[in-house]
Amino acid sequence: MGKRYRNTFNGDGTRIMFEEFFSQLESFEIAGSEFSLFSLIIGGIIMLVGIVIARIARIIFNKYYAPVLPEHTAKNFGKMIYFGIIIIAFLVFVTTTGIDFTGLVMAGGILGIVIGFATQSVVSNLLSGIFLLIEKPAKQGDSIELPDSNISGSFVDVGTFSSRVRKFDGTIMRIPNEKFFTSNIRVLTDSPVRRHETMIGIAYKEDIDAAIEVLKKTISARMPFVLHEPEPEFRIEELGDSSVNILILVWHPKQDWGKVAPVLLKIAKNALDDVGIEIPFPQRVIWNGDKPKE
Numbered sequence: 001m002g003k004r005y006r007n008t009f010n011g012d013g014t015r016i017m018f019e020e021f022f023s024q025l026e027s028f029e030i031a032g033s034e035f036s037l038f039s040l041i042i043g044g045i046i047m048l049v050g051i052v053i054a055r056i057a058r059i060i061f062n063k064y065y066a067p068v069l070p071e072h073t074a075k076n077f078g079k080m081i082y083f084g085i086i087i088i089a090f091l092v093f094v095t096t097t098g099i100d101f102t103g104l105v106m107a108g109g110i111l112g113i114v115i116g117f118a119t120q121s122v123v124s125n126l127l128s129g130i131f132l133l134i135e136k137p138a139k140q141g142d143s144i145e146l147p148d149s150n151i152s153g154s155f156v157d158v159g160t161f162s163s164r165v166r167k168f169d170g171t172i173m174r175i176p177n178e179k180f181f182t183s184n185i186r187v188l189t190d191s192p193v194r195r196h197e198t199m200i201g202i203a204y205k206e207d208i209d210a211a212i213e214v215l216k217k218t219i220s221a222r223m224p225f226v227l228h229e230p231e232p233e234f235r236i237e238e239l240g241d242s243s244v245n246i247l248i249l250v251w252h253p254k255q256d257w258g259k260v261a262p263v264l265l266k267i268a269k270n271a272l273d274d275v276g277i278e279i280p281f282p283q284r285v286i287w288n289g290d291k292p293k294e
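Note that the working numbering gives residue 95 to position 95 of the sequence shown, counting from 1, and the numbers run on in steps of one.
Just so you know, not all the hints are guaranteed correct.
[What the hints assert, rightly or not] Okay, the calculated beta carbon distance ranges per label pair:
| no. | residue 1 | residue 2 | range |
| --- | --- | --- | --- |
| 1 | Pro-230 | Trp-287 | 45 to 53 Å |
| 2 | Phe-168 | Val-285 | 38 to 46 Å |
| 3 | Lys-266 | Ser-121 | 40 to 48 Å |
| 4 | Lys-266 | Val-68 | 38 to 46 Å |
| 5 | Pro-224 | Lys-63 | 25 to 33 Å |
| 6 | Glu-197 | Pro-67 | 35 to 43 Å |
No lab work stands behind these hints: they were computed from the structure. We treat Cβ as the ideally placed atom computed from N, Cα and C, and that holds for glycine.
Based on the sequences and whatever the hints tell you, model everything.
In structure tokens, the structure reads:
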């Protein structure tokens, strides 16, 4: 490493200046790679600044973003931010010092391609998890539905590689982040009110207006959770094979879904029974083609 120097003195006993020594230090060789003192100093400063920025970024993340995330998720992403910035600083350090990693990069590139194919889904799930944390399609505790996957329940959290949904039967469903990110997500509790709808059929002989009036009065009297504004709606949805089908639409606060949805059809059926309005079951008239006898 460089040349070996002796301390020499002039006739007055003073030490000769070390200009030659420092000029040689401006460029020296380590393990076959040539470095300069200036580049090493700059590289050290870059690494120091990178570590400081990484710590500041982790502190900001822990203060403003981590509290709204599950504990293990916040911890994982805090580490990713910290070490990600340090890795970037190290790469900049390598560039400024002029270290030649050509052979290592080529070998690492080939290995990276192999690993990339093997871990494609892992990387995809990781990136999808980051995008989910940025976009926040649902909050923890929201009731959600994934129509494409026929999954509904309470949203638990977004993990490093998967998201969790607690189904309404109490079981936990683990969903890969990529699938969760690309799915249609229906949030059931995002708005303060929700509309519930159900259908009930009456016989063709019955008075439609009278049936609607009975339903309206019964819902108003027996279902205090249903909002008066907007008021319940009643629509003739279709003329079915055996009945005239009335669609009932009511609005209610989102937290009262369990008090409205399961009982609305029951209350409507009992109300029509009480006034003698028939709710027909499916009927078929069979004709065998014979003419009636005279």
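Quick rundown of the hints versus the structure:
1. Pro-230 to Trp-287: 45 to 53 Å: holds, 47 Å
2. Phe-168 to Val-285: 38 to 46 Å: With Cβ atoms ~42 Å apart, the hint holds.
3. Lys-266 to Ser-121: 40 to 48 Å: holds, 46 Å
4. Lys-266 to Val-68: 38 to 46 Å: Once the Cβ atoms are compared, 40 Å apart, the range 38 to 46 Å for Val-68 and Lys-266 holds.
5. Pro-224 to Lys-63: 25 to 33 Å: Taking Cβ atoms as reference, Pro-224 and Lys-63 lie about 44 Å apart, which means the hint is violated.
6. Glu-197 to Pro-67: 35 to 43 Å: Holds, at about 38 Å.
When each numbered hint is compared with the structure, a violation occurs for hint 5 only.
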